[in-house]
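**Q** In the order they appear, the protein sequences are chains D and R.
Be aware that the first sequence starts at 1, since it is given in UniProt numbering, and climbs by one per residue.
Be aware that the second sequence starts at 1, since it is given in UniProt numbering, and climbs by one per residue.
Keep in mind the hints are simulated off the structure, nothing from the lab.
A couple of the hints might just be wrong.
[Said to hold, decoys possible] Straight-line distance between alpha carbons at most 25 Å, and here's what the computed BS3-like set of lysine-lysine pairs gives: (1) 82(R) <-> 89(D); (2) 12(R) <-> 63(D); (3) 213(R) <-> 225(R); (4) 12(R) <-> 107(D); (5) 44(D) <-> 213(R); (6) 137(D) <-> 44(R); (7) 82(R) <-> 63(D); (8) 137(R) <-> 82(D); (9) 82(D) <-> 89(R); (10) 89(D) <-> 107(R); (11) 63(R) <-> 107(D); (12) 82(D) <-> 12(R); (13) 213(R) <-> 107(D); (14) 82(D) <-> 63(R); (15) 12(R) <-> 8(D); (16) 198(R) <-> 213(R); (17) 89(D) <-> 63(R); (18) 89(R) <-> 63(D); (19) 63(D) <-> 34(R); (20) 213(R) <-> 12(D); (21) 12(R) <-> 34(R); (22) 107(R) <-> 44(D); (23) 89(R) <-> 107(D); (24) 89(D) <-> 225(R); (25) 90(D) <-> 44(R); (26) 213(R) <-> 326(D).
Quick caveat, the model's predicted, so the values are computed rather than measured.
Here are the chains, one letter per residue:
There are 2 protein chains.
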Amino acid sequence: MKNNVTAKDVAKLAGVSQSSVSRVYFEGASVSKKTREKVIVAAKELGYRPNEFARSLITNRTKIIGLVMKGIQNPFYPQVLKEFTATFKKLGYSILFVSTNNDEIQKEDIDMLRNYNVAGVIITDASLSLNVTEDFKESQVPLVLFNRKIDNEQFYSVCCNNLDASEKIAEYLIEKGCSDVAYIAGNANTSTSRDREKGFTSIIEKNNMPFHKYTSDYTYEGGYKTTQKIIAEKKIPDGIFVANDIMALGVVDALRENSIMIPAETKVVGFDNIEMASWPTYNLTTWEQPITKMVEQTVNYLMAEIVEFSGYTENVEVNGELIVRKTT
Amino acid sequence: MKNNVTAKDVAKLAGVSQSSVSRVYFEGASVSKKTREKVIVAAKELGYRPNEFARSLITNRTKIIGLVMKGIQNPFYPQVLKEFTATFKKLGYSILFVSTNNDEIQKEDIDMLRNYNVAGVIITDASLSLNVTEDFKESQVPLVLFNRKIDNEQFYSVCCNNLDASEKIAEYLIEKGCSDVAYIAGNANTSTSRDREKGFTSIIEKNNMPFHKYTSDYTYEGGYKTTQKIIAEKKIPDGIFVANDIMALGVVDALRENSIMIPAETKVVGFDNIEMASWPTYNLTTWEQPITKMVEQTVNYLMAEIVEFSGYTENVEVNGELIVRKTT
Chain D
1 MKNNVTAKDV
11 AKLAGVSQSS
21 VSRVYFEGAS
31 VSKKTREKVI
41 VAAKELGYRP
51 NEFARSLITN
61 RTKIIGLVMK
71 GIQNPFYPQV
81 LKEFTATFKK
91 LGYSILFVST
101 NNDEIQKEDI
111 DMLRNYNVAG
121 VIITDASLSL
131 NVTEDFKESQ
141 VPLVLFNRKI
151 DNEQFYSVCC
161 NNLDASEKIA
171 EYLIEKGCSD
181 VAYIAGNANT
191 STSRDREKGF
201 TSIIEKNNMP
211 FHKYTSDYTY
221 EGGYKTTQKI
231 IAEKKIPDGI
241 FVANDIMALG
251 VVDALRENSI
261 MIPAETKVVG
271 FDNIEMASWP
281 TYNLTTWEQP
291 ITKMVEQTVN
301 YLMAEIVEFS
311 GYTENVEVNG
321 ELIVRKTT
Chain R
1 MKNNVTAKDV
11 AKLAGVSQSS
21 VSRVYFEGAS
31 VSKKTREKVI
41 VAAKELGYRP
51 NEFARSLITN
61 RTKIIGLVMK
71 GIQNPFYPQV
81 LKEFTATFKK
91 LGYSILFVST
101 NNDEIQKEDI
111 DMLRNYNVAG
121 VIITDASLSL
131 NVTEDFKESQ
141 VPLVLFNRKI
151 DNEQFYSVCC
161 NNLDASEKIA
171 EYLIEKGCSD
181 VAYIAGNANT
191 STSRDREKGF
201 TSIIEKNNMP
211 FHKYTSDYTY
221 EGGYKTTQKI
231 IAEKKIPDGI
241 FVANDIMALG
251 VVDALRENSI
261 MIPAETKVVG
271 FDNIEMASWP
281 TYNLTTWEQP
291 ITKMVEQTVN
301 YLMAEIVEFS
311 GYTENVEVNG
321 ELIVRKTT
């Protein structure tokens, strides 16, 4: 920035102390009317611009929220990013975006967020090692896990009610006449994929139905390749629950390429309700994750913790709904 | 943050001045060995953690790059965001993400970026009003327009060579036997849509061919609805150049719904080469934008300007290539 004018320069020209300049520009500090006028005149003359960093030295806090995200190629997450950015903007907060390539958040990412004195952190689809978890606990930076949870409730988390949703999906497929179903899982280390499997299988087991599980990775290619494998094995289920939509689109494409009729021969249900699920080419039956409600819960918690850190944790689950389209 | 320990506390315990503490922690400042030791011992005892804001007060610069983006729902942009984040991370820089809802960047967005003393700014698919342009010029913050340009070369811009690319697309369609072609434009106020139209029509005119232009908006729905309109008019061109891929997918879906054979009756070419263009369902012929090269150019320029601001501007154009698939 061109602006090399400091509070010291302003103080000198105004003939007041540097701390008087600080008091004029940073909230919650009192200063006499006369001093204020002197400072403002000098600041104007010099083109002084107080900044957030200076403010943060006094308040020990910035208006930055760190947002950690991995799978930005999954269209669910750009939507999440957009909603967070818009909601925080209204509250005067900005988003420092951290993209992780690894499944796990790296120590350097956490150090960076701490160096910038972020007011809070949101972690979406990246996991936390024990080390990083301890670091966070110690730092007392308000943290929310979004669309992920850790079993021991060490952090506040906001998810869709995955267990309940996947139970309902299983019941729906049974109701539609399926008797030999499969689950295509996302990354094994994610709570979402585990919970969706758990809810789904609980109903299948209760109905004494056969069940197949295929491991995959929450990507289009993963869904596509897994389905090619299923087709090669010649054991095509009559109902497939796919752990997210982007994978489900790959499943649909692989089934079509092999002329397997959807929904006549196989029914397909996804999860998320990304925009593409509604495109006429796919018309995918799916479970809608209520992004807006999930974002709201996350922001409300963070803002409360920013005002007064309590360290309160809870696994919040928001209900979504089944969107029936033409793949079932 | 828990860390309420300030440089003042450290100075008091160490029995040195506050500026000595600053000199120990911030680069490019000298301090005696004895003082340094005193400060480090005191800092350790108190758990003092110097931060980026304090550093920025001295260097007048942070390691933050502001990235302004609008159409995050277009899969081209999450890819761009990912590449910028990864590249800057290697250089020790972080991304402050600004999402604009409006076509134009708002003054408040610029003020926010300036308040955070960002080292540089990248603007992707949002436009600049005259006011904001002046503000930027005055601030001397290095700025790059990415995938957009302003005619008067007031700023450094990095684009794909849109004119050349769209000339080649027109030549390719003619070569494939098209004799009645259409262009489906993106948002009218974007340089990309204008340049792609200009290059395309220049070749069509040279060949004395009829030409139709349809306005649309760079979204899937836009492409879909525009094509429904074309079909309703019963004047279906035998070749359609669509200004970006996400619109082209909508065009393909609308043609298919109306049983218009691709490529036999109509050929479709997109622009960007987003991941979905390669999905077997679409298999879209398109022009690949060389994101990695474009990001590289942008980062190199910004880093040079951060070291020494020159205000140098240029419209840099990077060559992409035609990816032939099954829609032509």
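**Q** Would you mind marking each hint as holding or not holding in the structure?
**A** To see whether the hints hold, each was checked on the structure:
no.: 1; hint: 82(R) <-> 89(D); verdict: holds, 21 Å
no.: 2; hint: 12(R) <-> 63(D); verdict: violated, 29 Å
no.: 3; hint: 213(R) <-> 225(R); verdict: holds, 14 Å
no.: 4; hint: 12(R) <-> 107(D); verdict: violated, 31 Å
no.: 5; hint: 44(D) <-> 213(R); verdict: violated, 52 Å
no.: 6; hint: 137(D) <-> 44(R); verdict: holds, 19 Å
no.: 7; hint: 82(R) <-> 63(D); verdict: holds, 23 Å
no.: 8; hint: 137(R) <-> 82(D); verdict: violated, 28 Å
no.: 9; hint: 82(D) <-> 89(R); verdict: holds, 21 Å
no.: 10; hint: 89(D) <-> 107(R); verdict: holds, 13 Å
no.: 11; hint: 63(R) <-> 107(D); verdict: holds, 18 Å
no.: 12; hint: 82(D) <-> 12(R); verdict: violated, 45 Å
no.: 13; hint: 213(R) <-> 107(D); verdict: violated, 53 Å
no.: 14; hint: 82(D) <-> 63(R); verdict: holds, 23 Å
no.: 15; hint: 12(R) <-> 8(D); verdict: holds, 22 Å
no.: 16; hint: 198(R) <-> 213(R); verdict: holds, 11 Å
no.: 17; hint: 89(D) <-> 63(R); verdict: holds, 21 Å
no.: 18; hint: 89(R) <-> 63(D); verdict: holds, 21 Å
no.: 19; hint: 63(D) <-> 34(R); verdict: violated, 37 Å
no.: 20; hint: 213(R) <-> 12(D); verdict: violated, 63 Å
no.: 21; hint: 12(R) <-> 34(R); verdict: holds, 16 Å
no.: 22; hint: 107(R) <-> 44(D); verdict: holds, 20 Å
no.: 23; hint: 89(R) <-> 107(D); verdict: holds, 13 Å
no.: 24; hint: 89(D) <-> 225(R); verdict: violated, 32 Å
no.: 25; hint: 90(D) <-> 44(R); verdict: violated, 39 Å
no.: 26; hint: 213(R) <-> 326(D); verdict: violated, 34 Å
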